[in-house]
Each structure stands twice: as C-alpha cells, then as structure tokens.
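Listed here are the chains, written in short residue letters.
Number of protein chains: 2
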Amino acid sequence: MINHRIAQILKTGQPEENLTVKGWVRTKRELKGFAFLELNDGSSLANLQVVINQDLPDYEAILKQINTGGSVEVTGVLVASQGKGQRIELKADTVKVYGDADPETYPLQKKRHSFEFLRTIAHLRGRTNSFGAVFRVRNACATAIHQFFQQRGFLWVHTPIITASDCEGAGELFSVTNFNLKNVPKTENQEIDYSQDFFSKPAYLTVSGQLEAEIMAMAFTNVYTFGPTFRAENSNTSRHLAEFWMVEPEMAFCDLDGDMDLAEEFLKYIFKYVMETCPEDMEFFNDRIDKTVLETANNIINNQFERLTYTEAVKLLEKADVKFDYPVSWGADLQSEHERYLAEQLFKKPVIVTDYPAQIKAFYMRLSDDEKTVRAMDILAPKIGEIIGGSQREERLDVLEKRVLAQGMKTEDLWWYLDLRRYGTVPHAGFGLGFERLVQFMTGMGNIRDVIPFPRTPQSAEF
Amino acid sequence: MINHRIAQILKTGQPEENLTVKGWVRTKRELKGFAFLELNDGSSLANLQVVINQDLPDYEAILKQINTGGSVEVTGVLVASQGKGQRIELKADTVKVYGDADPETYPLQKKRHSFEFLRTIAHLRGRTNSFGAVFRVRNACATAIHQFFQQRGFLWVHTPIITASDCEGAGELFSVTNFNLKNVPKTENQEIDYSQDFFSKPAYLTVSGQLEAEIMAMAFTNVYTFGPTFRAENSNTSRHLAEFWMVEPEMAFCDLDGDMDLAEEFLKYIFKYVMETCPEDMEFFNDRIDKTVLETANNIINNQFERLTYTEAVKLLEKADVKFDYPVSWGADLQSEHERYLAEQLFKKPVIVTDYPAQIKAFYMRLSDDEKTVRAMDILAPKIGEIIGGSQREERLDVLEKRVLAQGMKTEDLWWYLDLRRYGTVPHAGFGLGFERLVQFMTGMGNIRDVIPFPRTPQSAEF
Numbered sequence: 001m002i003n004h005r006i007a008q009i010l011k012t013g014q015p016e017e018n019l020t021v022k023g024w025v026r027t028k029r030e031l032k033g034f035a036f037l038e039l040n041d042g043s044s045l046a047n048l049q050v051v052i053n054q055d056l057p058d059y060e061a062i063l064k065q066i067n068t069g070g071s072v073e074v075t076g077v078l079v080a081s082q083g084k085g086q087r088i089e090l091k092a093d094t095v096k097v098y099g100d101a102d103p104e105t106y107p108l109q110k111k112r113h114s115f116e117f118l119r120t121i122a123h124l125r126g127r128t129n130s131f132g133a134v135f136r137v138r139n140a141c142a143t144a145i146h147q148f149f150q151q152r153g154f155l156w157v158h159t160p161i162i163t164a165s166d167c168e169g170a171g172e173l174f175s176v177t178n179f180n181l182k183n184v185p186k187t188e189n190q191e192i193d194y195s196q197d198f199f200s201k202p203a204y205l206t207v208s209g210q211l212e213a214e215i216m217a218m219a220f221t222n223v224y225t226f227g228p229t230f231r232a233e234n235s236n237t238s239r240h241l242a243e244f245w246m247v248e249p250e251m252a253f254c255d256l257d258g259d260m261d262l263a264e265e266f267l268k269y270i271f272k273y274v275m276e277t278c279p280e281d282m283e284f285f286n287d288r289i290d291k292t293v294l295e296t297a298n299n300i301i302n303n304q305f306e307r308l309t310y311t312e313a314v315k316l317l318e319k320a321d322v323k324f325d326y327p328v329s330w331g332a333d334l335q336s337e338h339e340r341y342l343a344e345q346l347f348k349k350p351v352i353v354t355d356y357p358a359q360i361k362a363f364y365m366r367l368s369d370d371e372k373t374v375r376a377m378d379i380l381a382p383k384i385g386e387i388i389g390g391s392q393r394e395e396r397l398d399v400l401e402k403r404v405l406a407q408g409m410k411t412e413d414l415w416w417y418l419d420l421r422r423y424g425t426v427p428h429a430g431f432g433l434g435f436e437r438l439v440q441f442m443t444g445m446g447n448i449r450d451v452i453p454f455p456r457t458p459q460s461a462e463f
Numbered sequence: 001m002i003n004h005r006i007a008q009i010l011k012t013g014q015p016e017e018n019l020t021v022k023g024w025v026r027t028k029r030e031l032k033g034f035a036f037l038e039l040n041d042g043s044s045l046a047n048l049q050v051v052i053n054q055d056l057p058d059y060e061a062i063l064k065q066i067n068t069g070g071s072v073e074v075t076g077v078l079v080a081s082q083g084k085g086q087r088i089e090l091k092a093d094t095v096k097v098y099g100d101a102d103p104e105t106y107p108l109q110k111k112r113h114s115f116e117f118l119r120t121i122a123h124l125r126g127r128t129n130s131f132g133a134v135f136r137v138r139n140a141c142a143t144a145i146h147q148f149f150q151q152r153g154f155l156w157v158h159t160p161i162i163t164a165s166d167c168e169g170a171g172e173l174f175s176v177t178n179f180n181l182k183n184v185p186k187t188e189n190q191e192i193d194y195s196q197d198f199f200s201k202p203a204y205l206t207v208s209g210q211l212e213a214e215i216m217a218m219a220f221t222n223v224y225t226f227g228p229t230f231r232a233e234n235s236n237t238s239r240h241l242a243e244f245w246m247v248e249p250e251m252a253f254c255d256l257d258g259d260m261d262l263a264e265e266f267l268k269y270i271f272k273y274v275m276e277t278c279p280e281d282m283e284f285f286n287d288r289i290d291k292t293v294l295e296t297a298n299n300i301i302n303n304q305f306e307r308l309t310y311t312e313a314v315k316l317l318e319k320a321d322v323k324f325d326y327p328v329s330w331g332a333d334l335q336s337e338h339e340r341y342l343a344e345q346l347f348k349k350p351v352i353v354t355d356y357p358a359q360i361k362a363f364y365m366r367l368s369d370d371e372k373t374v375r376a377m378d379i380l381a382p383k384i385g386e387i388i389g390g391s392q393r394e395e396r397l398d399v400l401e402k403r404v405l406a407q408g409m410k411t412e413d414l415w416w417y418l419d420l421r422r423y424g425t426v427p428h429a430g431f432g433l434g435f436e437r438l439v440q441f442m443t444g445m446g447n448i449r450d451v452i453p454f455p456r457t458p459q460s461a462e463f
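Chains as they are written, first to last, in UniProt numbering: chain A, 1 to 463; chain B, 1 to 463.
Among the clues, some could well be false.
All copies of an identical chain are treated as equivalent in the list; a pair is satisfied when it fits inside any one copy or across any two copies.
[As the list claims (entries may be wrong)] Calculated pairs, BS3-like style, for lysine-lysine (alpha carbon to alpha carbon, straight line, at most 30 Å):
1. 96 to 372
2. 201 to 182
3. 201 to 186
4. 182 to 410
5. 348 to 201
6. 32 to 323
7. 110 to 361
8. 91 to 32
9. 28 to 186
Please keep in mind that the hints were generated in silico from the structure rather than gathered at the bench.
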C-alpha cells in the first residue's frame, strides 16, 4: 500500500534499483526516439525525471495521452542521469496513464501564474512549486509544535469552537445558529427568542481558547491548544483571515520569566525543525519569494532574544534618530513601525517587550505592584514584527474581579473563570501564536491567504 | 521553568533526592505530630505522598491553610515510604501555600460524584481521578494519530471550518453569519440578502473535511485532516455531540484494499500506543469504569481483522440463530445489533464489512461493476460497533456526474470537486474516524460528553 515516494527515491535511490512510482506529470519533452517526463507526487519540490524510450510498446499512443497535469504510474529501473540537475532518473519499462489533463483547458500550464490567479483555483494550486513548498512547510511547522510540547509533558487540549461567552467583548464574533434566518423567532417583546435556538442562547465562534486552556492548566499544569479561531473583522489585508489556527500554551506555577523562556525556546525549536526537515523548500523560498527568509530564520535560531520593558522601549524610541508616522508616548500602544525599529534597527534580533500599560491590555493580565502596568510580553522579530503575545495571568480573585468590572463585564458571566482563583489558584502564564502568521513569516509569502489551503476572508468562502 | 512533575518522580525518584514539587492537594490527613498530603499535578493518576512534620515552622498555621483543592509548593527530600501503596514519599522541608479552597464551598470533596454532576462543573472536573485519566488518554490518542501519519509521510492539512457548500445535503448544518439576527436584511423579494453577510453567501460549519482532503491528496498523495466538525442534530444521546473532532486520511493511488490495510494498521497503532504510554490510566478504566476495556484493546491489537462483503454479512445474519429487533434484508443498512452480532458473537474480533448497496451510501463512493454496490467499508469492533467508515472514491468523471445528479445535487456547486476528475484523476480512498468515539471506546466511558473537555449538545454551550 505504501508506494515509493519521489522524495525518498531522489535521496537514497541507487542505479539498477527496480521500482514503481506514481505521480502527476509536470512537463513532457519529446525528443528524437525518446521522451522525458518530470514527475511529482507532492513529497518534494524536485521532480523525478522519467525517460521513455520509443521501444516501449504503444510509445506513440501513450505519449499522446500524457500531458502536463496528467497522472501516471511508471515501473522501471533507476539509472545514473546523463543530464545535469539530477543524480538519477527512472528508465521506464511500463507506463500506465490514470488520468489525462486536456492542455486546452488545464489551467496550470508551464508559464508562471500570479498568486491572485492561483487563489481562484485553490483546488489545483497545491500542484505548483510554490504551494507544494508552502504546504510541506506548514505541515512541518505543525509537527514541530506538537513535538515541542509533547516532549515537555504538555497535554494537547481541545477547547471549544462554539462558545456562549463573548469575553473579550470585541464584537468581531461570528454567530452560530440553526435558526431559519428568513424567519428568526421573536418573543412577545420582539426580542430574539433564543430559547428556540440550538443552544438556547446566543452562540459564537471562538476568538481564543485561552480561558478554557487556563481551566485545563489548573488540573494538568502544562497544556496547549492548537486549533481554529475566528474573527468576523472586515479587514481585507494581506495579514488577516476570518478563520485561522492558533497555538496557545498555558502553564500553571509559571511567571512571566518562565513564559518568556518557553516562548523563546519554542520559536527557536520550530524554525530549527523546519530548516532541518525542509531545507529544499526553504532554499526555494529564499531564492524565489523573499531573499531574507534564511537570514531571518537564522537570526531567530542563533540569537538570545533581547528583553526590555515597555517603559524602556518608549525611552529608546523617543531617543531614536528616526521620524515615525505615529508619535511615541508612554501609554500608547506600539505601532508596527516602532516594533520594527526596535527589532531591525536597534537590536537587530528578536526583542521581547514586557510590562505594558494596563489600560491597553486585556483584563486577565496580572497587575504589577505599580498598579499601572501588567505582566504582558510581546515578541517582536526582525522582518516579522509581533509574532507572539503573552502574559502572566491575574491569579488574585479580588484584583481580577475589580478588573472585570472596570472593563464593563459581568462577574456572573465569568463565574467559572473566577472559580479558578477561588479554589487552588496559582501563578500561571501563557502565550498565543497565530499559526498562519508564523508560516507566512517562515516562508516569506506576502499574503496570508497563500499559506492556508482554503482561506476565508470577507466575501470569500470558496471550496 | 520546567518543574519536577509527579509522574516522573514516582517513576524514577530515588531516596535522598532533594526537589521541589507543585500541585493541588487531593487529601490531607492529620495524625499525632505529623500530617500526610496527597499531591497531584495532573501528570499521573497516582499522587505523591508528602509528609509534614510538626517541627516545620508555623506547622499549625500552614496546615490550617491547606485543604482539599488547595495549591502548594513543597520542597523537601525523597524518602522510602514506610506505608503501603507507594514506593517513595516526600519529606517536606518547606511548604508554600499558593491558594486555598474553602471546604465549605469547594465542590470536589472526597466523596464520589456522579458524572452528571461533574458535567456542571466541567471547569473543575479535570482534577478528579476519572477525568484526569480521560484527558491524559485523549492526549495520548491524539499524539498517536499524528505520529502514525507523520511517520508514513502524510501531510496534516487544515481543511476549512466555515464552508459555503452543503454537499452532503444533510440539513443538519449550523449557519455562520454576522447578520444582526434581530433584523436580517432582506431583498425586495423578501429573500435573505446574503450580499450583506460576511461571506456574501450562506455559510455553514463543516460536517467533514473529506472533499477538501481529496483536493490535497491530488497534489500531495497522502494527507490527513484532524480537526473539529459539527452536526446541528437534535440528538440528546450518549453518543452524539454537536461539536466533535474527526480524523480523515485520504490517499491517492490507493484502492479499497489499501484503505482497509491502512485503517487496520492505524487502529492497532493507536490502541498499542495508549496501552504503552498510559498503562496506569488504562488499568484504572478497567477497574472502575468498564471491566472489558483492556480485553477490547487487546482484541483489536492482536487479531487480524475479518473482512467480508455486505452481501456475505447479510447471508450470515439471515442464518443467525438470534432474534433481531430489525429485520435483515439486502439493501437495508445494518443496525447496531447486527454489527455487534458479527463482531462479538460470530467472529469475536474486529470485522470489516465492504461493498455496501449504492443507494444507502454517499455519492462520492466508487461504483462497482455490478452497478449495485459501492466500494465502501465499515470497521466494526467488539463492544464498540462501527468505529471507522471509509471508501474508495469515484474517480471517473462521467460516473460521478451521474451520481451527483441522481442525488438531486448540482454539478455546478461541485465544479472544483469534479475538476479533480477532469485533470489527472487517480484511484483514491480514505476513511473517517470520530475522535471522541475512539476515546469513548478506549476508556469505556459511557457518555461521549465525558471524553471532551467542554461538550456542546442541544441547549448546552457552557464554559
């Protein structure tokens, strides 16, 4: 059942080996007396070159059936390649054509296509060099994430996608309902009659699994989520998706220092893993997509991240010999230009900024003794900007209740979250990583829609 | 940052080792001159016994603060245990109390609680023996699934959660919208004006990633999904969830035999992995939850699965010396009682039934030459019933188009799915596994709501 995969053949195949390969034809070149096929099965960027000699029975008929995009099975023997560009090639003894691809209509002909066009044929774009590389690297990133946490005894926890709590109060939530939208039931007072909906109350798609991950950390110490999250934000940018995957570790008995240590180790691990397991794809990105991809990865792997407080960062930005579009002043959030100045110009390596003003951060972040800042941290990387955001959580019931109320939320709605502080509360911390942002930065792809198989964005839910 | 975890200490800790542990107190026993704490940090079913001697400064005050559910940090030295039930215990030199838990209100006192009650406090139930074991085994299952596929060169692909296609036509879909439900915009004809919704068309939560996984298999050969799926089915049973995780591998250049081979290898791998990595938890389930848990697991691991066609199965059922509630006749779907008879009574091991009547199976399954059956397979396991369903997919464009139309669907809506048969089509196959069903069967838990951290069911989307 397990076929010979082309990646393996190219790596370890030896002359005189007999084998069968199956894949899709990238190109066909007919010469006098023989023909070359470039065959790809998605296991690697490089194709396997197949040589078909005119001695093959039905040579003409078979070649006629084979076009770019067609699928074939070739049995033959490996031989050392005469041509340049490959170590070995496959001399065909038999060729079976599974499916053809009409050259008049098959959209992926040899010429280069724009990423915009390829998005309209997302069901075929995985067959191109760029998207083959993207989705192999995406898989490697995902695997690295699981390995990293599992090796360290973290449990993967599945936090709910459908949620009745709108805790972050963002108003950027998708509603989930099984109402007939043409005729939403109303109560006598003309309010929506949620008692007739599936969950008997308003329900939404989650924007984060953090609060539920905190629940699990209060029983299992170290956990992480890795699942889809949603924003109904009408942002048609190259960095926003309505549906994206997030990674959110949460650690009990951990403070902000431990959180930063883990986040730094985590980023280094993933970049290193991908560089080691997908070197050919990473070279491809560096050559064809963004000349700084390898430099950025090595910068993350090889440098100790700089750590400084928000207050220190503001001082450095105020002193900077650079004209920013947005003014810098204590209390205002850092803009992308500020973050990039710190990471790219000043420190030339990843920077962790900590202890942000409380009023610009979420209610669950731990208030410091100065009562002005919270134990938050953002990791800023050169060429990338913010890649991770995290915090130590507020574990003191009285302080948390005050912050909940101050933000106009109701403590009743968060009864279970507050219970965690009522029963066996402990210092704990965690962070969040947007998975597609990571893959985007790792590959240098300019648009986030090109690092997820089927992007969901305003007015687009195709495939 | 990485603390000593109790699982590791219990396994490899040696007398005279000095260390610090952090966890939650399961019980406290005060004796004359000293006290015992049972400490748990979620890493194992077993607790670490801590001995606190009255010589400890502030002995009385500290003990008073410590109750079941409280969180502590203990530094001390390991000593061989005098008591039975544990090899070693920790003699405390210092004890720090992080958080207490009022014995008057903390719901998890020593007495046994019903699973129904514990569902109402899902934010605390992970701290019980049963749910500790469930979520460790759930994590082990999930890890085994990724390992199995990654070792075999399958890519993990993230298929979309939000989808505009209602291909299976089930009518059990949740709608996703950012309309204000109180005032859904209408067109002049009083139809819903979807042009004003986020995706400019009706959108739903996915019921399966299979069709999109087929897209990815047509570029990468072997892929799998592992993500959440949804059913808006109003089923208040012990086997249904509105939100659950599914695993769906898809293999190009693969027929039904290859599909069955992979599925059998896959199930054996997961059960074996969990038996090896969570032996203590599995023993617990066998002792406390279901006395057949280990037997069922070993039956799956150690037997070659029986393979027979639906037609053969019907003949055997017709001959069976058993009175069924539902009659057996060729063309009707097998009922749970039939499936269990085959697996438990007749073969006493897992059974794969293949080649079901076309009219009771989905449009995408490959039609056989008899034109009456499709190349479908279901795996039935003793005590479990159906655990996997799969098929070889219809790869012939003309046959597929006929089946799409016969089921009242429109070929235009499936243009991209049909394109896969138009351009380089290949024989391919896959299967689906309901992840919570697997965990339920593995642990013997009677209700599927007790194997997912925060279950979503009719009228319930708490936490």
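Cross-check of the supplied hints:
1. 96 to 372: Between copies only: 28 Å across, 71 Å inside.
2. 201 to 182: both (19 Å within a copy, 14 Å between copies)
3. 201 to 186: For residue 201 and residue 186, the Cα distance is within 30 Å both inside one copy (13 Å) and across copies (24 Å).
4. 182 to 410: For residue 182 and residue 410, the Cα distance is within 30 Å only across copies (23 Å; inside one copy 32 Å).
5. 348 to 201: neither (50 Å within a copy, 46 Å between copies)
6. 32 to 323: Neither, since 65 Å and 72 Å both go past 30 Å.
7. 110 to 361: Answer is neither; intra-copy 50 Å and inter-copy 39 Å both fail.
8. 91 to 32: within (16 Å within a copy, 85 Å between copies)
9. 28 to 186: neither (64 Å within a copy, 53 Å between copies)
When held up to the earlier numbered hints, the structure conflicts with 5, 6, 7 and 9 and fits the remainder.
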